[in-house]
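Novice: Sequence:
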Amino acid sequence: MAPLPLPSASTISATAISGIHVVKLSGYSHAKQLLGTGECVESALFKAAGYSWRVKVFPNGALEECGPGSIALFLALAGGKSKADVRAMLQFSLVRHGSKLPASAPDSGRVTETPVTFDRVERDWGFEDEGLGEKLEDPEYLKDDAILIRCDITVLNDPTVERRDLEALDTLQEDKTPPAPAMTRPSASTIAVTASAGCHVLKVSGYSRTKLLTGNGNHIKSAEFKEAGHKWRIRCYPDGAHEETAGHVALYLELAGESTDVHAKFQFNLVPHGQLTSAPHSGRVISDRVIFGSKCADNCFGFKDFMARGELEKSEYLKDDCLYIRCDIIALNKPVVKLHDPDTLLELLCCCSDDLCKNIHAPDKMEDEAYGKPRRCLGLTEMLLSCLPIPMKPSQDPLFHTEYSRL
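In UniProt numbering, the protein residues as written are 1 to 407.
Everything labelled a hint here was simulated from the structure, so no lab data went into it. Any given hint might turn out to be false.
In silico DSSO-like pairs for lysine-lysine, Cα to Cα no more than 30 Å straight-line [claimed, not checked]:
1. Lys221 to Lys295
2. Lys304 to Lys314
3. Lys47 to Lys203
4. Lys56 to Lys135
5. Lys314 to Lys221
6. Lys338 to Lys314
7. Lys338 to Lys32
8. Lys338 to Lys143
9. Lys314 to Lys211
10. Lys295 to Lys32
11. Lys319 to Lys226
12. Lys56 to Lys32
13. Lys221 to Lys334
14. Lys135 to Lys47
Values in this document were obtained by computation on a predicted structure and should not be read as measured data.
Given these sequences and hints, build the entire structure.
Specialist: As structure tokens, this is what we get:
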């Protein structure tokens, strides 16, 4: 009887590649104040685990039902429509300022329980409410109005199939330890959210005559002025903007000549004569931020019943048939994003023992060398994750650089 032929053999190898990206969101309070639920800021484009990505930060959560203190974090696959699906595990966590950055993902944070698939339809995956309200009140996590967000990405490669001879298969059985995911160099980026502030004072002379010139629903406009980085006008309705508010003075702020969206908050005050440069003590404030621009029909927001005419005419604000209307504006600037050079990261992943050093540390020299050639700590405390400074213009000081116009 002829001997049986040796069986054939093959292997199926499942591998993965991992990456770390750290995002510093600077100006967190501005983002929280001037972005609504479902609105986000995006990081710079970065590469990790073999693909290009962006991190999306929703400072007030991604959904309307998100409660106060919510923050939503999403990872978006970038670079157009990929031909193949990308299966990955991802984890978001907050990093303490000045703490070490270990190579392995921290135990805290939110992690996908199963791999998620980035495909032609689903390009974003993440967590609609991170539930980080308590941590965001901790100065270890929120410092100098900035937070550090760590994103760990593990991409599952397509299995590799190979034909093997039987002897090679026996050799492979001896090593039963599964290979660890390959690690790419960590990267980092900053998102600098800033806001511009401005103040405009409108002088209305001949108040008694304005009541005769206009009726209910009609307004007079100020000259166009530029504050907080945009051009505006103030609308004054001496007899109310609507029939139901007749007998009241209505004030509105109008965005002039722009089609782009502007996120802003503003406040109207009447100013006592002789106190034009003093800080306002009272007035009407838009409690929630508003969006001027393409989605607003007439590009204006304000107060339809700012003050009753009878109350105004008996007040200290009306003198010599003249009154001053002050409008304070704060508007969100376009976020500035920057991807930092990996070589800079190497300098910041230092292994010094200086307790005063605020760089992001590697825990020891072994991990430092794992990321590349170790470098001496140069004291570059804020180079990698620093907020990009945007100096305020003198006209942005709301108290002492006031612009005037007269009707």
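Novice: Please go over all the hints and tell whether each is borne out by the structure.
Specialist: Hint check results:
1. A C-alpha spacing of about 22 Å is found between lysine 221 and lysine 295, which places the hinted pair at or below 30 Å, so the restraint holds.
2. Between lysine 304 and lysine 314 the CA atoms are separated by roughly 20 Å; this keeps the pair inside 30 Å, and the hint holds.
3. Using a Cα cut-off of 30 Å, the hinted pair lysine 47 and lysine 203 is violated, with the two alpha carbons roughly 55 Å apart.
4. Taken as a hint, the lysine 56 and lysine 135 pair is honoured in the structure, with Cα atoms around 19 Å apart against an allowance of 30 Å.
5. A hinted pair counts as satisfied when its Cα atoms are at most 30 Å apart, and lysine 314 with lysine 221 qualifies at roughly 24 Å.
6. The suggested pairing of lysine 338 with lysine 314 is violated, with an alpha-carbon distance near 55 Å, which exceeds 30 Å.
7. With a C-alpha separation of about 20 Å, the suggested pair lysine 338 and lysine 32 falls inside the 30 Å cut-off, and the hint holds.
8. Taken as a hint, the lysine 338 and lysine 143 pair is honoured in the structure, with Cα atoms around 20 Å apart against an allowance of 30 Å.
9. Restraint check for lysine 314 and lysine 211: the C-alpha separation of about 16 Å stays at or below 30 Å, so the hint holds.
10. Among the hinted pairs, lysine 295 with lysine 32 is consistent with the structure: their alpha-carbon atoms are about 21 Å apart, no more than 30 Å.
11. Between lysine 319 and lysine 226, the direct Cα distance comes to roughly 27 Å. Compliance with the 30 Å bound is thereby established for this hinted pair.
12. Proximity of lysine 56 to lysine 32 is assessed by CA-CA distance (about 14 Å); at most 30 Å being required, the pair is judged to hold.
13. This hinted pair checks out: lysine 221 and lysine 334 have alpha carbons roughly 28 Å apart, not beyond 30 Å.
14. For a cut-off of 30 Å, the pair hint linking lysine 135 to lysine 47 stands: about 28 Å separates their Cα positions.
In summary, the numbered hints that this structure violates are 3 and 6.
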